[in-house]
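J.: Listed below are the residues making up each chain.
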Amino acid sequence: MNERRTSVPSEAMQLPILTRFLQEFWSATELPQAEALTFELALEEVFMNVVMHGASADSVPRVEVSVALGDGALTLTVEDDGPAFDPLSLAAPDVTASLDERRVGGLGVFLVRRMMDSVSYHRVGTRNQLRMTKQVAR
Amino acid sequence: MKVRLETLGPTTLVIPQGRLDFASADRFQEQLEQALAGAGTAPAALIIDCVDLDYVSSAGLRVFLRAARAAERAGVSFAVCALKPAVRDVFDLSGFSRIIAVHASRAMALQSPAGPA
Chain A
17 MNERRTSVPS EAMQLPILTR FLQEFWSATE LPQAEALTFE LALEEVFMNV
67 VMHGASADSV PRVEVSVALG DGALTLTVED DGPAFDPLSL AAPDVTASLD
117 ERRVGGLGVF LVRRMMDSVS YHRVGTRNQL RMTKQVAR
Chain B
166 MKVRLETLGP TTLVIPQGRL DFASADRFQE QLEQALAGAG TAPAALIIDC
216 VDLDYVSSAG LRVFLRAARA AERAGVSFAV CALKPAVRDV FDLSGFSRII
266 AVHASRAMAL QSPAGPA
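Listed in order, the protein sequences are those of chains A and B.
Everything in the first sequence is counted per our numbering, starting at 17 for the first residue and increasing by one.
Everything in the second sequence is counted per our numbering, starting at 166 for the first residue and increasing by one.
Just chain B, same shape as in the assembly:
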């Protein structure tokens, strides 16, 4: 799985591409931890843009859960956006869309960066 990072002012966007499964989960976890730490200063908001994410399993959900908790502890707002239908299904069935802010698009996520906390 490839991961791109973008910075928009105080917001860091993480854009995973491909499959977030057992094989890629640990590496993605590290990348999210680095994104949360920032370059010395934590971002105000962390948005995972899932526009290119094709697949997520429970191993991937675990990473989202850990990142959401770490963000909450650090006072960083956390959201995901642009979920493809298959990924959205997994978020809905698992109840994760109740505990993590899910936005339809990047634009909407950027408009309401406050998150669910």
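Here chain A stands alone, though its shape is the one from the complex:
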């Protein structure tokens, strides 16, 4: 099992730091580059959801990100200590809607669910925990 973790405040400007964290893990583990973008997208969508939904007037949640590689699968876990919020409860967008009727809300989480093998949400104590897993060919 190869595992790494990092943490940042839930501020949009931290996104490049998280992307770089993932890219460095990719280089170190020599995983196929084609899979990297899938996880970069998942991390962006989930992190930006926390940024949008998690902050209150008096506090900025802390976001902890971990990646773990084992048995040919990569697990990406995003935890934050913001208010309880289950992104998987968001309604899926109507991907058959016309150009004029198309809404973009919920699209990020929808993409993550489609691209990952499994996605689960748990409220653990005072923390939100979103765990995403996908087989990665080596």
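Treat the hints as calculated values from the structure; they're not laboratory data.
Built from N, CA and C at the ideal position, the CB exists for glycine as well.
Take the hints with a grain of salt, since some may be wrong.
What the hints assert, rightly or not - Stretches of chain A that chain B covers, calculated by requiring three or more beta carbons in the stretch to come under 8 Å of a beta carbon on chain B:
(1) 56 to 69
(2) 111 to 119
(3) 125 to 135
Given chain A, put chain B in place with the hints provided.
T.: Using the frame of chain A, we list chain B on its own:
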């Protein structure tokens, strides 16, 4: 993200390079609005050539959606072309390839500038 512009007769080509994510989406949106406005006269067609676009997230899709709608309102045909596999996946999964004209190459986009409208 860098963005290049090319003009081919009545067609404006916008060529984004790199990552279209939350960080670069707002700026790209502005650049597309400027391209649609043109230099006084709107172009007849706007093509986003994605040959150098490595990554797009939902924040980027939002920009494509807004631009496609703005183009439709302005009577400008709108298309994207030369999507890399990772970008193509995002377009397909999100259903965006049904509502925005997607061409395999720039040449094919230029041949059928009518778009999906």
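J.: Indicate, hint by hint, whether the structure satisfies it.
T.: These are the hints, each one checked on the structure:
1. With 5 residues having a beta carbon nearer than 8 Å to a beta carbon of chain B, the segment 56 to 69 of chain A meets the requirement of three or more and the stated coverage holds.
2. Only residues whose C-beta sits within less than 8 Å of a C-beta in chain B count toward coverage, and the segment 111 to 119 of chain A has 7 of them, enough to reach three; the restraint holds.
3. Here the segment 125 to 135 of chain A counts 4 residues with a CB under 8 Å from a CB of chain B, which clears the bar of 3, and the coverage holds.
In summary, this structure violates none of the numbered hints.
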